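K.L.:
Since the structure of chain A is already known, use the hints to place chain B on it.
Line by line, the protein sequences are chains A and B.
If you number the first sequence the way the numbering used here does, the last residue is 366 and the count never jumps.
If you number the second sequence the way the numbering used here does, the last residue is 366 and the count never jumps.
Note that these hints are calculated values from the structure, not bench results.
Since we're looking at a predicted model, the values are computed, not measured.
Careful, some of the hints might be misleading.
No copy labels: a pair is met if it fits in one copy or bridges any two.
Claimed, not checked - Restricting the straight-line Cα-Cα distance to at most 25 Å, the calculated cross-link-like pairs of lysine to aspartate or glutamate (DMTMM-like) are:
1. K51 to D334
2. K177 to D217
3. K177 to D280
4. K177 to D77
5. K106 to D232
6. K68 to D319
7. K60 to D216
8. K177 to D216
9. K278 to D117
10. K278 to D311
11. K270 to D117
12. K107 to D334
13. K82 to E310
14. K270 to D141
15. K270 to D232
16. K364 to D311
17. K318 to D287
18. K81 to D334
19. K106 to D227
20. K81 to D319
21. K177 to D227
2 protein chains.
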Amino acid sequence: MHTFIKGIEYFLPEKRESNADLKIDNPDWIIDDIEKKTGVTTRRISSNNQTATDLAEEACKKLIKSGLETQDIDFIILVTQSPDYTLPTSACILQDRLGVGSCIAFDVNLGCSGFVYGLAISSSLISSGLAKQGILVCSDTYTKYIDKNDRTCRPLFSDAAAAVHISIAKDDLMGPFELGTDGSGFDKLIVPSSGSRIDSCGMVENRLYMSGADVFMFTMDMVPKAVNSLLYKSDKKIEDIDLFIFHQASKLVIDSIIRRLDLPEDKVFVNMKDIGNTVSATIPIALSDAIKDNRINTGDLIMLVGFGVGYSWGGCLIKWQ
Amino acid sequence: MHTFIKGIEYFLPEKRESNADLKIDNPDWIIDDIEKKTGVTTRRISSNNQTATDLAEEACKKLIKSGLETQDIDFIILVTQSPDYTLPTSACILQDRLGVGSCIAFDVNLGCSGFVYGLAISSSLISSGLAKQGILVCSDTYTKYIDKNDRTCRPLFSDAAAAVHISIAKDDLMGPFELGTDGSGFDKLIVPSSGSRIDSCGMVENRLYMSGADVFMFTMDMVPKAVNSLLYKSDKKIEDIDLFIFHQASKLVIDSIIRRLDLPEDKVFVNMKDIGNTVSATIPIALSDAIKDNRINTGDLIMLVGFGVGYSWGGCLIKWQ
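Just chain A, with the same shape it has in the complex:
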């Protein structure tokens, strides 16, 4: 599609949580072992009153400060699984807070595949002529769902927002896409007592559950297929791709993908160490860090692949401009 990423900014909440902090709450955890698997040493934790919309607002403001004119914003698409309210949609709150005039605004409920889905949706809105440019923002506060003694989730997940300026392009820079779903795994990464499953006027549990082994197996099955499908669709080989940015699920997951696909390690960008798994925000945050690290040059072919909760996955190729 004739669209491109014109700017990226992200925002991390101030509060840091180290692995030593985990040990205080869980003296029996062997932190070295956990750290080897996760690759994460520090996570960011939203404060009690800090919502996904608050984080998204900060990321979007950075984008506006860096030159995006509010009158040019035709859409605000917020990818989140921790909206401020069940209704209204949080994107409307953002539109008002950012001082953007009337525009297309809605939330998309997706997790780790959400950024790539969001690229597909926003690029389609541009391709179809309904918009020329706008903001795609990924923001979540999963840590609010996580029990302090949950050894599967707590060492991984972190809170953040990333805002991306998507704009019309002269050339075909975005795509192909590979977007898929396997809802048979819907209960493997879930907040079971949420949404309509909360008893009204009952006690809220609101806790995240992840079957790590199941999600890992799904990932190892599906991500290589998605990568190969994208290569096939675009008539490219692994050698043609300048940089792979996978959802920063964990070190174990990314290492396993590298092995399974026999990818050159230096072509796979990894930055979860000080940031953690920030759900749909990991890919745009990694893109932004890769640019700062001079890992991306104009004309580079980059493959993005997100995967997880749903199960849902989304991959695409972008030609960097």
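P.N.:
Structure of chain B alone, referenced to chain A:
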């Protein structure tokens, strides 16, 4: 856009609530006065265990039964503000339950504007080449949010799901669109204690609040503007439109729109009496009923306008095929 509505089906939960039922809980309510304003005599109420995904599943199954092949479904877009879970997205659960293979699946969080937004998103996915056809389904169970003594909301809102088969077309049958947002009204129709605003492990209130007067003023300001903007964009006059289908907010709202725009009454389809205000499902349900009533013929030009929670509004023209 070169897309069209190839089929519509809807599902209403079995349980009916009459206005006499309201009187039992609220002896001081003057039912005749309420009924004159709302135009609603019967609402449908989902049972305790019946979620928006359950209703959506029934509507989608009807669509499949009426001829849509599951292998042809490239996307399932679920518009809902009462998802089963905060995560995963309910569209993934639908994909699995319907026996649809891997496809694009996500929830969009929008209310009364959601069907038109959903048409825009799904038509854009088709226009951009990411899909050829799929299901747009609108489903909500707002009645679960409503206090039995809430005189503003209870006489209006009703539960339902409507599933629409959107497909690629040879001709330009869909559009133009008019999609807008005014988030300054985010707190005028809201479940204040929901999403991140629920205290975890606290009591859930989970109640809908609507400032009827504010929402009415927004509607009277914005809907005529949206209608005129669509006429301007398409270079049409009111006389050129064969049927207007507005979101079935209430009789008072639709009558006021008719007066404000000086519309011929027989060109405005109204069917809320036995169904109530089913949020994003009202427009596809009305479309379906209008077809059954022989109010729509091939080649007819139909204007759809949804508006409400957000504030958010969406209007479009469709040429019926």
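K.L.:
State for each hint whether it applies.
P.N.:
Here is what the structure says about each hint:
1. K51 to D334: within (15 Å within a copy, 45 Å between copies)
2. K177 to D217: Both: 15 Å inside a chain and 20 Å across chains, each within 25 Å.
3. K177 to D280: The answer is between: 22 Å across copies meets 25 Å, while 29 Å in one copy does not.
4. K177 to D77: Intra 49 Å, inter 50 Å, cutoff 25 Å: neither.
5. K106 to D232: Close across copies (22 Å), not inside one copy (35 Å); limit 25 Å.
6. K68 to D319: within (17 Å within a copy, 60 Å between copies)
7. K60 to D216: Classified as neither; 41 Å inside a copy, 55 Å across copies.
8. K177 to D216: both (14 Å within a copy, 23 Å between copies)
9. K278 to D117: between (33 Å within a copy, 20 Å between copies)
10. K278 to D311: This pair counts as within: shortest intra-copy Cα distance 24 Å, inter-copy 51 Å.
11. K270 to D117: Between copies only: 21 Å across, 38 Å inside.
12. K107 to D334: within (15 Å within a copy, 48 Å between copies)
13. K82 to E310: This pair counts as within: shortest intra-copy Cα distance 17 Å, inter-copy 67 Å.
14. K270 to D141: So K270 and D141 pass the 25 Å test across copies only (20 Å; inside, 41 Å).
15. K270 to D232: within (22 Å within a copy, 44 Å between copies)
16. K364 to D311: within (19 Å within a copy, 53 Å between copies)
17. K318 to D287: within (22 Å within a copy, 60 Å between copies)
18. K81 to D334: The answer is within: 22 Å in one copy meets 25 Å, while 60 Å across copies does not.
19. K106 to D227: between (35 Å within a copy, 18 Å between copies)
20. K81 to D319: Classified as within; 14 Å inside a copy, 61 Å across copies.
21. K177 to D227: Between copies, since 20 Å is at most 25 Å while 32 Å is not.
Of the numbered hints listed earlier, those contradicted by the structure are 4, 7.
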